[in-house]
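Following the hints, position chain B against chain A.
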Amino acid sequence: MYWDEKAECMSKEEKEKIQLERLQKTVKLAYENVEFYKKRFDEIGLKPEDIKTLKDIEKIPFTTKSDLREAYPLGLLAVPREEIVEVHASSGTTGKPTVTAYTQNDLDIWGECIARGLKMAGAEKKYIIQNAYGYGLFTGGFGIHHGGNKMGAITIPISAGNTKRQLDTMVDFQSDILTCTPSYAMYLGESREKAGIPLEDINLKAGIHGAEMWTDEMRKRIEASLGIKTFNIYGLTEVMGPGVAQECEYQNGMHIQDDQFYPEIINSETGETLDYGEKGELVLTSLTKTGMPILRFRTKDLTSLIADKCECGRTTVRMTRITGRSDDMLKIKGVMVFPSQIEKALLKIKGISPNYMIHVTRPDILDEVEVKVEASKELFSDEMKEMEKVEKQIQASIRSETGIRVDVTLCEPESLPRSEGKAVRVIDERNL
Amino acid sequence: MVVKQISIFVENKEGRIKKAIDTLAKENINIRALSIADTTKYGILRLIVSDNEKAIKALEKDGFIVKENDVLIVAVPDEPNGLNSTLAIFENQDINLEYLYAFVSSKTDEAIVVMRLENMEKAIEVLENSNAKLLDSEDIKEI
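Heads up: the sequence lines are chains A and B, in that order.
In this text, residue positions in the first sequence follow the numbering used here: the first is 553, and each later residue adds one.
In this text, residue positions in the second sequence follow the numbering used here: the first is 1454, and each later residue adds one.
A hint or two may mislead.
The calculated lysine-lysine pairs, modelled on BS3-like cross-linking and capped at a C-alpha distance of 25 Å, are [to be verified]: (1) A:Lys900 / B:Lys1520; (2) B:Lys1466 / A:Lys937; (3) B:Lys1466 / A:Lys924; (4) A:Lys941 / A:Lys896; (5) B:Lys1520 / B:Lys1575; (6) A:Lys746 / B:Lys1520; (7) B:Lys1514 / A:Lys716; (8) A:Lys941 / B:Lys1494.
Partial pick of chain A residues on the chain B-facing surface, computed with a CB cut under 7 Å [said to hold, decoys possible]: (9) Ala927; (10) Lys929; (11) Phe932; (12) Asp934; (13) Met936; (14) Thr961; (15) Cys963; (16) Glu964; (17) Glu966.
Keep in mind that the hints were calculated from the coordinates and are not lab data.
Just so we're clear, the structure is a prediction, and the values are computed from it rather than from any experiment.
Beta carbons are placed, not taken as given, at the ideal position from N, Cα and C, and that holds for glycine.
If we strip away everything but chain A, and leave its shape as in the complex, we get (with noise of 0.2 Å):
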């Protein structure tokens, strides 16, 4: 049931004491290969050497995302170029595209945490896994690839996209593992309610998906609407791709490949390290990729780490569901939201489809918010004044949920738009 034993099990004195052979091995490579994180151990007078315990990270100063953009395209590499082998970049959707560089041994060890996680979802050499995450720069499809491959299982390339050959591929190849973003899978799922495909002429089992947020809700819809179970998994192109973390069939957090990834919580005003338990950013480092290292990355999004020994026997640390970015937090009238509120406001009124879109306008000083929602058969009357109940009813759960009134658009199905990778739900217009 495991992919790596001894990995994956190890006792907390172990792995400490792995994680900082690692960590010094990796500060001394950067320190002396990466211009630029020599110079910021220079800047403060940090020395590899000085880096004792563990806890003597803390003392290594932030990367953040615009360190990278700066970099661009190859600014980082710990190694001379002709011993990278592939590069990947982020979607540039906040700005310029960040690189990730890999040698041979980075995507060994990429495609080991992919497969620890394939094997958390139940995988085996034997199966077909039908990888629909888009093949490309983006790090889902190749990053899935490389872990199918280290299994020794069967990898579709499909890449996202074209849902009736996804569906047919369903069919004819008998997939076992699905694995794309949670909004492609949805779609699916109900496309292949609207085609007439019955579950029992499909033989997934599994369905790992990740790259964007997600709700309970949305995975209950998934998991009924494919005959699955689903597993969240994490991961992002600055640090490796795919894989960094993902769940066990007990889903209730995802594991950190704690082994090559070393997890931080900060307080992202203050940049101050938090305890277990408590929310905040997640900081990473990595311990063992040589191509292009990377010290206290700062991923922005929110979560808390769990110390526990999770009920699947791994001791290896878990990262609780992502609840937002700390940059696509929205601030509407003065208030936090996060999009993940809005949806899951959504997600419990009943015939509502998951699919929306959050408009925020500020026409004179006021911030303003148009949800948009998709109708569906259950929600729709013939009389205005149940329509309007309805409009009423998501608005007051919207309100419980985010503590802001908004207006609610109810639009026609499949009006808003379907992403194959990562969906756009937030239109901000205002000008701040």
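Chain B in isolation, oriented as in the chain A frame:
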């Protein structure tokens, strides 16, 4: 005595009503009566058509949300105060009107009124007792 009406959810977007009507026309479905209730964001298109089953199937296939529900159809004299004489029947009976729409048939001298009431059963009883001319699905085909 009830007649089935279909209602369609239409977003307030260019061409949506036309699209719904086109869908019906393609299936050779005749529209007997039509009304639209609208807000600034969406409308509810209510229709009495020649073949509900076929209409619902075609509309749903084209992505529309459709519902079928009961309405009463009454023929009233096409003359001043004609409608009021029918509405008067409900007075003091505690029957609330949700909505109504009317049209004039070219084949009779009467105006045809489609009504949705809060308490349909009681409304039928009251109308029958007052000898109002309630029409059924068969009658509708003739007009």
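Tested hints:
1. A:Lys900 / B:Lys1520: Holds, at roughly 23 Å.
2. B:Lys1466 / A:Lys937: Given that 25 Å is the threshold and the Cα spacing comes to 21 Å, the pair holds.
3. B:Lys1466 / A:Lys924: holds, 14 Å
4. A:Lys941 / A:Lys896: Holds, because 19 Å separates the two Cα atoms, which is no more than 25 Å.
5. B:Lys1520 / B:Lys1575: Holds - the C-alpha atoms of B:Lys1575 and B:Lys1520 are around 23 Å apart, at most 25 Å.
6. A:Lys746 / B:Lys1520: At roughly 18 Å apart (the allowed maximum being 25 Å), B:Lys1520 and A:Lys746 satisfy the hint.
7. B:Lys1514 / A:Lys716: Roughly 17 Å between the alpha carbons, so the hint for B:Lys1514 and A:Lys716 holds.
8. A:Lys941 / B:Lys1494: Distance ~15 Å between A:Lys941 and B:Lys1494 Cα, so the pair holds.
9. Ala927: holds, 5 Å
10. Lys929: holds, 5 Å
11. Phe932: Holds, about 5 Å.
12. Asp934: holds, 4 Å
13. Met936: holds, 5 Å
14. Thr961: holds, 5 Å
15. Cys963: holds, 5 Å
16. Glu964: holds, 5 Å
17. Glu966: holds, 6 Å
When each numbered hint is compared with the structure, no violation occurs for any of them.
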